[in-house]
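Student: Assemble the whole structure, with the sequences as input and the hints as a guide.
Letter 127 of the sequence shown, counting from 1, is numbered 229 in this note's numbering, and no numbers are missing.
Hints are computed from structural coordinates only; laboratory data are not their basis.
Backbone N, C-alpha and C define an ideal beta-carbon position, used for all residues, glycine too.
Wrong hints could be hidden among the right ones.
[Unchecked claim] Pairs of lysine-lysine, DSBU-like flavour, derived with a Cα cap of 35 Å: (1) K165 to K147; (2) K205 to K218; (3) K218 to K172; (4) K211 to K236; (5) K194 to K184; (6) K242 to K211; (7) K202 to K166; (8) K211 to K170; (9) K205 to K170; (10) K218 to K194; (11) K197 to K236; (12) K172 to K147; (13) K166 to K126; (14) K172 to K204; (15) K205 to K166; (16) K172 to K126; (17) K197 to K242; (18) K126 to K147; (19) K242 to K204; (20) K147 to K202; (21) K236 to K202; (22) K184 to K205; (23) K211 to K194; (24) K236 to K194; (25) K172 to K184; (26) K165 to K202; (27) K194 to K126; (28) K170 to K184; (29) K184 to K218; (30) K242 to K147; (31) K197 to K184; (32) K197 to K147; (33) K194 to K205; (34) K202 to K242; (35) K242 to K218; (36) K218 to K204.
[As the list claims (entries may be wrong)] Listed next, with one range per pair, are the computed distances between beta-carbon atoms: (37) T130 to K211: 17 to 27 Å; (38) K204 to T238: 33 to 43 Å; (39) T238 to K194: 48 to 58 Å.
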Amino acid sequence: MPGGNKNIKPSDGKQFSSEYQPNKEIWTEEVALLFCQDIIDWLNKDDENIFFDEFIFMVADPKKYHEKAKIYVQLPSYLSGKYTSCLNLLEKAQKIQEIKLKKFGAFDKLNASITKFCLINLHDWKDKTENENKNTHEIKGLITTNPLNESD
Numbered sequence: 103m104p105g106g107n108k109n110i111k112p113s114d115g116k117q118f119s120s121e122y123q124p125n126k127e128i129w130t131e132e133v134a135l136l137f138c139q140d141i142i143d144w145l146n147k148d149d150e151n152i153f154f155d156e157f158i159f160m161v162a163d164p165k166k167y168h169e170k171a172k173i174y175v176q177l178p179s180y181l182s183g184k185y186t187s188c189l190n191l192l193e194k195a196q197k198i199q200e201i202k203l204k205k206f207g208a209f210d211k212l213n214a215s216i217t218k219f220c221l222i223n224l225h226d227w228k229d230k231t232e233n234e235n236k237n238t239h240e241i242k243g244l245i246t247t248n249p250l251n252e253s254d
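Tutor: Here is the structure:
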C-alpha cells in the first residue's frame, strides 16, 4: 500500500514532522501581542502618529511577525476576539488616539471641525444639547375645595 509512514511518494506530498507543519497557527498570542505593542509604540513615537489604522495598513511589515503573515482589514477584530490581552492593548491604542485628537484639537494643532468629526465618528462622542423648558402660564382664580371638611 503506497503512502503511510516512511512510505510517502513525492507525488503524495510531505510527511508531517516537527519542522514541517503547514497549518501551524500564524497569529499566536505572542506574535499578536508583538503586533499590538508595535501599534502602541508607534502611536507614542511621534505627535503625527494619531490614527493607528495608518500603522496597521501603511507602516507595519507583516514579515516582521511571521513569514506567512498577512495584514487584512479584520485582523484587529480577529486578534481582539481571540486574545483578551490583544483586546486590552487595542483598547489602549484607541484611547491614545482619542487623547491625541482631544489634545491637539484643544491646542489648535489640528483642524477643529475635522477633530470633531473624528471624535464623533471614531470614538462615539456626541454634541451636547440642552433644552430648557419654562412654564410661563399663570393660573388665576384657582379655587380648591376640601371634600373631607364639609363645614366650609
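Student: Each hint should be assessed against the structure and marked as holding or not.
Tutor: Hints and how they fare:
Distance hint between K165 and K147 is fulfilled; the C-alpha atoms sit about 21 Å from each other, no more than 35 Å. In summary, the hint linking K205 to K218 is supported, as the alpha carbons are separated by about 12 Å, within the 35 Å threshold. A hinted pair counts as satisfied when its Cα atoms are at most 35 Å apart, and K218 with K172 qualifies at roughly 33 Å. With a C-alpha separation of about 41 Å, the suggested pairing of K211 with K236 is violated against the 35 Å cut-off.
Simply put, K194 and K184 have alpha-carbon atoms about 17 Å apart, close enough for the 35 Å limit, and the pair holds. With a C-alpha separation of about 58 Å, the suggested pairing of K242 with K211 is violated against the 35 Å cut-off. Restraint check: the Cα-Cα separation between K202 and K166 comes to about 27 Å, which is no more than 35 Å; the hinted pair holds. Distance restraint check for K211 and K170: the Cα-Cα separation of roughly 40 Å exceeds the 35 Å cut-off, and the hinted pair is therefore not satisfied.
Restraint check: the Cα-Cα separation between K205 and K170 comes to about 38 Å, which exceeds 35 Å; the hinted pair is violated. Taking the CA atoms of K218 and K194, the gap is about 20 Å. The hint holds against a cut of 35 Å. Proposed proximity of K197 and K236 is contradicted: the alpha carbons are some 40 Å apart, above 35 Å. The suggested pairing of K172 with K147 holds, with an alpha-carbon distance near 24 Å, which does not exceed 35 Å.
A distance of roughly 17 Å separates the Cα atoms of K166 and K126; the hinted pair therefore holds under the 35 Å criterion. Annotation: proposed proximity of K172 to K204 holds, straight-line Cα distance about 32 Å (limit 35 Å). Restraint check: the Cα-Cα separation between K205 and K166 comes to about 32 Å, which is no more than 35 Å; the hinted pair holds. Proposed proximity of K172 and K126 is supported: the alpha carbons are some 14 Å apart, at most 35 Å.
At most 35 Å may separate the alpha-carbon atoms for a hinted pair to count; K197 and K242 exceed this at roughly 57 Å. Distance hint between K126 and K147 is fulfilled; the C-alpha atoms sit about 33 Å from each other, no more than 35 Å. Of the pairs offered as hints, the one joining K242 and K204 is violated, with about 52 Å between alpha carbons and a cut-off of 35 Å exceeded. For the suggested pair K147 and K202, the alpha carbons sit about 12 Å apart, so the restraint of at most 35 Å is met.
The hinted pair formed by K236 and K202 fails the criterion: a straight-line CA distance of about 40 Å is larger than 35 Å. A threshold of 35 Å between alpha carbons decides the hint, and for K184 with K205 the separation of about 32 Å falls inside it, so the pair holds. Distance check on the hinted pair: K211 and K194 sit about 22 Å apart at the alpha-carbon level, within 35 Å; holds. A hinted pair counts as satisfied when its Cα atoms are at most 35 Å apart, and K236 with K194 does not qualify at roughly 44 Å.
Only pairs whose Cα atoms come within 35 Å are accepted, and K172 paired with K184 is accepted, the gap being roughly 17 Å. Among the hinted pairs, K165 with K202 is consistent with the structure: their alpha-carbon atoms are about 29 Å apart, no more than 35 Å. The suggested pairing of K194 with K126 holds, with an alpha-carbon distance near 29 Å, which does not exceed 35 Å. Note on K170 and K184: the hinted pairing holds, with a Cα-Cα distance of about 19 Å set against a maximum of 35 Å.
Distance check on the hinted pair: K184 and K218 sit about 32 Å apart at the alpha-carbon level, within 35 Å; holds. Simply put, K242 and K147 have alpha-carbon atoms about 70 Å apart, too far for the 35 Å limit, and the pair is violated. In summary, the hint linking K197 to K184 is supported, as the alpha carbons are separated by about 20 Å, within the 35 Å threshold. Between K197 and K147 the CA atoms are separated by roughly 15 Å; this keeps the pair inside 35 Å, and the hint holds.
A hinted pair counts as satisfied when its Cα atoms are at most 35 Å apart, and K194 with K205 qualifies at roughly 16 Å. Of the supplied pair hints, the one linking K202 and K242 is violated, its CA atoms being roughly 58 Å apart against a limit of 35 Å. Distance hint between K242 and K218 is unfulfilled; the C-alpha atoms sit about 49 Å from each other, more than 35 Å. For the hint pairing K218 with K204, the CA-to-CA distance comes to about 9 Å; that is within 35 Å, so the pair holds.
A C-beta distance of roughly 38 Å is found between T130 and K211, which places it outside the suggested range of 17 to 27 Å. Take K204 and T238: their Cβ atoms lie about 40 Å apart, and the range 33 to 43 Å holds. Separated by about 51 Å at the C-beta atoms, T238 and K194 satisfy the suggested range of 48 to 58 Å.
Checked against the numbered hints above, the structure breaks hints 4, 6, 8, 9, 11, 17, 19, 21, 24, 30, 34, 35 and 37 and satisfies the rest.
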